[in-house]
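Student: Order-wise, the sequence lines are chains S and H. So in the numbering used here, spot 25 of the first sequence is number 25, and the numbers just go up one at a time. So in the numbering used here, spot 944 of the second sequence is number 944, and the numbers just go up one at a time.
Take the hints with a grain of salt, since some may be wrong.
[To be verified] As a list, the in silico EDC-like pairs of lysine to aspartate or glutamate whose alpha-carbon atoms are at most 16 Å apart:
| no. | chain 1 | residue 1 | chain 2 | residue 2 |
| --- | --- | --- | --- | --- |
| 1 | S | K161 | S | D151 |
| 2 | H | K368 | H | D351 |
| 3 | H | K91 | S | E52 |
| 4 | H | K116 | S | E52 |
| 5 | H | K117 | S | E45 |
| 6 | H | K91 | S | E45 |
| 7 | H | K137 | S | E94 |
| 8 | H | K116 | S | E49 |
| 9 | H | K138 | S | D132 |
| 10 | H | K137 | S | D132 |
| 11 | H | K67 | S | E49 |
| 12 | S | K58 | H | E133 |
| 13 | H | K138 | S | E94 |
| 14 | S | K114 | S | D151 |
| 15 | H | K117 | S | E49 |
| 16 | S | K196 | S | D156 |
| 17 | H | K116 | H | E68 |
| 18 | H | K116 | S | E45 |
| 19 | H | K426 | H | E355 |
| 20 | H | K117 | S | E52 |
| 21 | H | K91 | H | E113 |
| 22 | S | K96 | H | E292 |
| 23 | H | K426 | H | E357 |
| 24 | H | K426 | H | D351 |
| 25 | H | K67 | S | E52 |
[Unchecked claim] Examples of chain H residues lying across from chain S (beta carbon under 7 Å, computed):
| no. | residue |
| --- | --- |
| 26 | R74 |
| 27 | K83 |
| 28 | S141 |
| 29 | C282 |
| 30 | L287 |
| 31 | I288 |
| 32 | A294 |
| 33 | V301 |
| 34 | I302 |
Hints in this document: simulated from the structure, not taken from any laboratory. A quick note: this is a predicted structure, and the numbers were derived from the prediction, not measured. Glycine included, C-beta positions come from ideal geometry on N, C-alpha and C.
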Amino acid sequence: MLSGLLHKDSELQRVLFPEGPELKVCSRSGHIGIMGGSASHLSKEQLSEYQELTFLTKQDILHAYRIFTELLSKELDDFQNTRVSKDRICEMPELKANPFRERICLVFSTAAEKDGSISFEDFLDMLSAFSDSATLEIKSHYAFRIFDFDDDGTLDKEDLKKLVNCLTGGTSDTQLSEGEMNQLIQNILEESDIDKDGTVNLSEFQHVISRSPDFVSSFKIVL
Amino acid sequence: MTEAANSKSSKASQRIKNIRKNSINRRIYSAAYEEHENSHSEDDEQEDDKADYKDPEEIFQNIQIQKEIISNIRCRSWAMGQKLKVLRQAKEIVLKYEGRLTRTRGYQAAGAEMWKKFGRLVYNITVLFIPWEMRIKKIESHFGSGVASYFIFLRWMFGINIVLTIMTGAFVILPELLAGAPFGSVPSKTIPAGYVASAQDLDTIWSLGGYLQYSVMFYGYYGNDRKIGRAGYRLPLAYFMVGMAVFAYSFIILLRKMAKNSRLSMASTSDENYTFCWKVFCAWDYLIGNPEAAESKTAAVINSIREAILEEQVKKKDRSLAMIISLRILANILVLLSLAGSIYIIYFVVDRSQELERTKVELTLWEKNEVSVVVSLITMIAPSVFELVAQLEMLHPRTTLRFQLARVLVLYLGNLYSLIIALLDKVNSMSMTDNSNDTGTSFLATRALPEEESLSTIVPEIRLRRNSSFSSEDNKTKPLTRFNKTALFDYNILSQQDQCWETYVGQEMLKLSIIDMLFTVGSILLIDFIRGLFVRYLSDCWCWDLESKFPEYGEFKIAENVLHLIYNQGMIWMGAFFSPCLPAFNVLKLIGLMYLRSWAVLTCNVPHQQVFRASRSNNFYLAMTLFMLFLCMLPTVFAIARYRPSPTCGPFSMLIYYLQSIARSLKFTNNQLRIQLQIERTEDKKKVFQMAVARFQHQEDDDKKTEHESDVASQESSLQESSPRRNGSVTNFDSPLSAGSRIQSISQQVAHAVDVTRVPNLPENPSTTAAQKHRREHAFQRNPGGLQGATSGHYRGKLSSSRVTKLPEDIHPDAPFRKCVRPLHYSPSEGTPQMILGRRVHTARYILVNEREPRKRLMRSAARIPKHYKVDEPRGVVEMLPRNMKRYTVHGAQRTNPQLHFSGEEEDEEELEQGTFSRSPRPHSLSDLHQPTRFYIGDSKDSRILIGKDLTQIRYEYEDSEPLRDHAGPGSSQAQRLGKGPVPTNQSVGAHVKWKTKQKADQSLTESDSISVASSSDQQNSSTDQYIQVIHSKDKYLKSSSEKLSRTKSRVSIELNVAEANDLICSNV
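Produce the entire structure from the sequences given, and follow the hints as far as they go.
Tutor: Have a look at this one:
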């Protein structure tokens, strides 16, 4: 649903540029500039814009650009529409060992077909959220979306079960037994479910997370 | 649903902002801001709203809002495309409307933009310059934030040490190198002759001796010149300030960091509230990229979850509690034992090294480094022992880790503390042995005689001698006439090395740091690398799985490594004052450690099973560091405050005496006040006495006068005679040893006390003639001469030593002095109890006579000596008998006026010198007493020796009555004959007084033997005071009189030495 919102382009266009045709033209041309103008490398304006929009430094962005072109293994010309498949992203060494790698791709992907493929801007978004200086709010927001396996805006029992299974790995000997799982989920809900609706919503989640001493330092990915 | 959540959160934040914002602007606000959230419903209206803003204020508000959007946009959790659009739109609005505003605002905006860009640039650059950023990130991405936190901490420590290095380097080391006296120019910067040959041996260098010991690396090398260079850089001050600044800076930076950290984790105070949520939601460390690390992390997560579940389930169940408790008790006992053992071993080793140094000439490499090696070994082995022991306890892993950390911290602290305590102990005993050596040889003081000769010819050499002249051993073994430079330097070996305990402590600390580094490197290579290689390549052909069973790969134990870092830093803090280069060394060490550790972690370590919580631990590390800093500061500050700076080396060889004297003078003024009160109370009483005795004394006065005139002349000549000798004695007492000489003084005191005690025992000898008296007078005059010499030696040398050591010559007349001194022995014999009384009277009279006689020259020469003692005496008075003094005051007060007439200039000088002392009537009187009669001088010396509470009574008697002993032997009648001064009524008062004090004097005399030893410390103290004050008088004296060549000669050389110290003292006192 979120991605639905995000990609209602025509609607957004109306929202964002209500001033009239003049402005629209202006921004259009800017947009075109991004898409086509600097095909092989980032222009200065883009760099500065990305710096303003993310928590990354110039070096980080250039580094990300390099890595992304490597993943893409071809010229990167459209920062929004040229995409790398989910599998390739998950092969990255930084994500390879991460049990949530697929979820991460899905959350950050803006692809209309929801295949988890990542464009360069998505990539920057991801790195920004996982960067050192990102705020707790951003981090917890994305963490919530990562854990929200069915994208319904709350963490219900199924989500929690999947989450725990992801953490404990796929093999049967490491997975928790049914009883353990139930006990665990019950305890989690007892602790965090403030409004007692049987699910954890974003604000509850953020409340819990913000009290954790090391969430911010562990919710990081460094290229 | 996500959308809903999304808008929910942003709305919440918005609401807050709305409240904050002016509600008038609500319309604009919503137009510009909310549109992206709830776009669908409000589009059209918004378009209208936005059509135009006529009101400039409104426009401005709008622009502000847009700017806020721009600056906060990165904190929105939107996709990039959306953010881009919003950003561009906001920028457009800003651009479009900003033109309508005033020009200044436009400029402001432009400036702000520029500033922002500049800030970003600076940020980019600073990121570029953060050392090891990439390396740490690489480690982070492999092993997670826990391991990285160690390296971040290491980097932070590195930063601190850089600053400390800059501080010490810029303010202490560089000035010393550039402007300080060059190497080899002064004894404290010269390698002793005996060591030059071996100064470059690897062995010596390794133990930080030789050239290293006499380099800027250590405290001892720094000169005590108050100012160095053309700019007059105050090195000692800078040294002290930097020493303190090291601690201050560390404290400030630590506390700031801690405050920042705690602000960051402010919310995370409640600990166990969300155990399960955290275990699930925050379990994964997204940084982990290494599959192995991920595996162990997974295992750790599962473990922790299972444990939590188990804990929940088994909360009520208790398994064989008794067993566990007994096991834990056992474990704790074991830990305590090993702690005590390690402390004992360290103490033992230091003790042993001390023993070895004393007994053996050549130390092997092992013996030299034993201490540091043992300490390092303990720090390496004991943590593993603790870990083994901890397995007995069967605690929760986290609790285990905490216990482990606490124990290791205690161990490290115990090590450092036992080491420093043992070292200080050694320092203590070093100075003790110094003292005993000196006492043993103190009566070799006769060597002074040959020295005199050489000295008179080689005046410039005096400076060199300063450090060496005290050499007792040299003198024993070598012919005195061949007392040449080499001999001097030979002595340096003995005196200097032993004395510079600061350098010694610095050496030990640096040594410890070096050995610790070697051990760290060794353990990394051996325990991590070799083991890793072994496990990796031999596991295929081994009978069990090496990788998962016994040796495994080395674990990277974050907490223990962090503790080791803290321990290492603790050593630096402890030793930085004594070895200014220690922070610089630590910088190098940390750089090396950074590379080696990161390499080892990446190649041959697996992360610790229980990953130490990174961010919470941050403040935990810092708290431990703070704790360490505090505890490391204590012994250093204690050592600085408690122990005397070495007198021969380092920037503070003078300072402490000054401090002590200040403290003492404060105490003195306090006492003085009290005494003054008493004096005033007794004033009336005295007057009554005066009246009574006036008649009795009247007859005696006339006789004395004639006698005395002849005396004066002879005395003067004798004074001059003795002057060359004084020079000789000066050389004798140049010696820097203060401690040693003190002990000397004790023994001498005893000896002298014996002499003195004879006085009451001996029968009266009425037959003593005037001639005899003459002779005695000469003798006494010599004493003053000797004293004078001592005084000058005093100025020059380091302290009390000179004055006191002078005595042996009088007591054991081995040499030319003998003749002159002999009378001194006689003199007591003549005195009888009754005679003392009689003499008392005489004394008083005698003084008067002198006063009346306007012999300025005589006065002057004599006055010099009094100056020397004057300062001291008031103090002695204070400590001692107030009663006696009161009596004197009466005399003094009355006499003061005539006295002033005679020697106005001197008086003035003295007034200045005495400062606070002389304000009160009593000190005045004392000084007056001294000035006119040189006899007192000699006597006063004696009296000083007898210092002791009870003896003080005697003291005053002596001062006055000693000369009289000679005259008065026959009795009061003789005395009358001799002294003819027109005696005013006060004389008789004096007599009365004597009668009273006499008994006391007798008692105290007998006691003197035992007391003198006890009082020696007092004397030392007084001498310190005196030292400083003497310098003043000395200076003035130099200015005022330069008649006597022989004296001035020596003084010139003295002046050089004294000048700076004098400066210091003058300005401060």
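Student: Can you name, in rising order, the numbers of the hints this structure does not satisfy?
Tutor: Result: no hint breaks.
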